[in-house]
Amino acid sequence: MSATLDALPATPVAEPAGLLPRGWRRVLRRPASVLGGAVVLAFVAMALAAPWIARVDPAATDWSQIRKAPSMAHPFGTDDLGRDNFARVVWGSRVSMQAGVFSIVLAISVGVPLGLVAGYYRGALDQVIMRLTDAWLAFPFLILAIGLVTIMGPSLTNATVAIGLGATPTYIRLTRALVLATAAEDYVQSARALGAGDGRLMARHILPNIFSSLLVQATVSIPIAIIAEAVLSFLGLGVQPPTPSWGTMLNAAQQFLDSAPWMAWWPGLAIFALTLSFNLAGDGLRDLLDPKDY
Amino acid sequence: MVEFLVRRVAISIVTLIVISVIVFIGVRMIPGDPARVMAGTDADAAGLEEIRAKYGLNDPIPVQYLRWAALALHGDLGRSIRTRDPVVTTVAKKLPITIELACLAVLIALAIAIPAGVLAAVRRNTAWDVLASGASLCGVSVPNFWLGIMLILLFAVRLGWLPASGFVPWWESPIANLQRMVMPAFVLGAALAAVLMRQTRNSMINVLGADYIRTAYSKGLAGRAVIFRHAIRNSLIPVVTILGLQAGALMSGAVVTEQIFVVPGFGRLIVESVFTRDYPLVQGVVLITASSYVLINLLVDVSYSLLDPRIRIGGTP
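Chains as they are written, first to last, in the working numbering: chain A, 1 to 294; chain B, 1001 to 1317.
The following block holds chain A by itself, in its conformation from the complex (with noise of 0.2 Å):
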C-alpha cells in the first residue's frame, strides 16, 4: 500500500489548484464572468445599502441647483428638478433589482409547476397547456407587458407582475422539455418500480435534477427583465415619479439632451453595467453547471 503511494510522487504537484473543486476552477478560468458576477454583488450591495450609500435624499428638490454639471458635490450632476443623479442613481438599482428578480421569481413558482405538471402527466392537459402557452408566447414580451399594464394600471408592482407573466411561457415549456427528457432516464423509472408515488417522483427526482438548467435561464432572463422594467418606466407604465428609477431618469433626460447630456449617461450605464454583468455572470455559471456544454 504505501509502495504505490511512494510510486506517485507527482501527484501532489496538481494539489494546490485541486483544493478547489473542478466546476469553480473552470469559472475562475473565465475572469470576465467572475468579474461580472462581482459586479452584480455590487449592485445587490448597491441596492441593500443604498441609505448609507447616497447621503442624499434622491426626492430632494433643490430650486438653486437644477440641471447642474457633475461636481464634487453632485458626482453625476443635477436633474431637471436640482435633484442628485447619484442618489437617483443608487436607489434606482432598488427599482431594477426588485423588478429584475421578483418577476423572474414569479414566473418561475407560476411556469415551473405548469412545465411539470405537462411534461409529466402529458396528454389531454399537456395539449391545453401547450396550446395555452403557444398563444402567450405569440404576444411579443413588451406589447403583452404594455397590454397588461393598460388592464392594472401602471405601477411598479403591477410591471414587475406583467413582466413576470410575460416571462412565464418560456419557463413553462423549459420545464416541459427538461421533464419529457429526465423522466425517461433510468433512475426516475426505477424509482416508479420501488413504488415511489407521482408527487415524490416529481419533488424528489425530477425537480432536483432539472434545477440547474432553471437556474441557468434565470441568468438569462433577470437581465432582460431589468431592461424591461427599465423601458416600461421608460415610457411611463412602470415607476411612477418622484420614486427614482433608471427608465424615468432618462426619459426625463431625453428633453434635455442637449442641455444636460449627463442626465442620460448614468442611468443608462448602470442598466448597461448591470445587464452585462449579469450576462457575463450567467456565462460563467452555464459552465459550471451544465458539463454537457462544455
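Any given hint might turn out to be false.
Said to hold, decoys possible - Label-pair distances were calculated between CB atoms; the ranges are: (1) B/R1084 / A/L180: 29 to 35 Å; (2) B/L1107 / A/Q127: 37 to 43 Å; (3) B/Y1212 / A/A49: 57 to 63 Å.
Claimed, not checked - Some chain B residues flagged as far from chain A (calculated, every beta-carbon gap over 10 Å): (4) I1011; (5) D1033; (6) G1040; (7) E1050; (8) T1083; (9) N1125; (10) L1159.
I should point out that these hints are in silico values taken from the structure, not numbers from a laboratory.
Ideal Cβ placement from N, Cα and C applies to all residues, glycine included.
Since the structure of chain A is already known, use the hints to place chain B on it.
Chain B in isolation, oriented as in the chain A frame:
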C-alpha cells in the same frame, strides 16, 4: 409533407383562437362599464346605446365573444375613441412606416452579423473571435432606448450630422427619409445583429466540422471557395429561423425606438393608445400584432421545411 402542413396550420388556427379569447377577456377585465370603456368617457347616452347594440353587451359573454370575433374576421375592429376612425384604417396608415423601419433594421443586422459571425467562426479563438463575441454580448446587454439616446447625443446634438427625430415619407424625399430612419433602424437592428451573429458563428462552426467540408478541402478547393460556396450557404439555414423568431422582439423594439425617435409608426400608436386609454385601439393593435407573429412563424416553419427536408419527417414538437 401534407400532413405536416395540415398539423402546423391547425395548431396556428388554435393559437389564433386562444389569442383572440385572451384579448377579448383582457379588455373585459378593465374595471367599469364595457360600453363606457369602448366609447370613451365623453360619449353621450346615445353613443353608449349604439355600442351596446352593436356588441350586444347585454348578451351572455360567449355570445358577445362570437359576435366580436365575427366582426374582427370581417376586418371590423371598432373605432378609435379619440379620432373616431376605424381601428383597421389607423393601423393600415401606421404599419408601412414600421415595416420600412423593420426592414432597414434587418438589413443592417444581417450586414453586421453575417460577416462578423463568419469571421469569428473561421478565425475561431483568435482576437477576431473575441472581438466579435464581445461586441455581440454588448449588443445583447445594451438597453436599446439608451443606445438610441446616446446616438442622438452624438450624431444630432454633438456632431449635427443627422436630425434627432421625426419622419418624412420616402415618396416626399427619399434622402430625408433615410436620414431620419438610419439611427432608429440601427438601434432596432443592433440587438438583432448580436443574436444573429452568435447564431451564424455557432452554425458556421458546426458546418465547418462537417464531412462535406473536409471532402471539399481534400478535393483541392481553395479555402475561400469552400467557405463561400459550401459553408456559408448551409450555415445560414438556422439563421433564417432565428430571424423569424426575432420578429416579436423586433415589434417590441419598434415600440421603444419609435418612441425615442418620434417615428409615427405602429409602435408609437400602441403607446399613444395606451396613454389616451383608447381601448378599442389597444385591443385591435395587440390582436393584430399577436396574429401577425403567429402567421410569420407559420411562414418561417413552412419555408424552413421546404429548405430542409429533414424537418418534415420529424413533425412539430
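A quick look at each hint next to the structure:
Checked against the hint of 29 to 35 Å, the C-beta distance between B/R1084 and A/L180 comes to roughly 51 Å, which is inconsistent with it. A hinted range of 37 to 43 Å holds for the C-beta pair B/L1107 and A/Q127, which are about 39 Å apart. Look at B/Y1212 against A/A49: about 58 Å separates their beta carbons, and that is inside 57 to 63 Å. Against the 10 Å criterion, B/I1011 falls within the reach of chain A, whose nearest CB is about 7 Å from its own CB.
Once the 10 Å rule is applied to beta carbons, B/D1033 is consistent with being away from chain A; the minimum gap is 15 Å. A cut-off of 10 Å between C-beta atoms confirms that B/G1040 is not in contact with chain A; the least separation is 15 Å. For B/E1050, the condition that its CB be more than 10 Å from all CB atoms of chain A holds, with the nearest at approximately 24 Å. Non-interface call for B/T1083 relative to chain A: holds, since the shortest CB-CB distance, roughly 18 Å, exceeds 10 Å.
In this structure B/N1125 is separated from chain A by more than 10 Å, as the shortest Cβ-Cβ distance comes to about 14 Å. With a least CB separation of 12 Å from chain A, B/L1159 remains clear of the 10 Å interface cut-off, as annotated.
Consistency with the previously given hints fails for numbers 1 and 4, ordered from lowest to highest.
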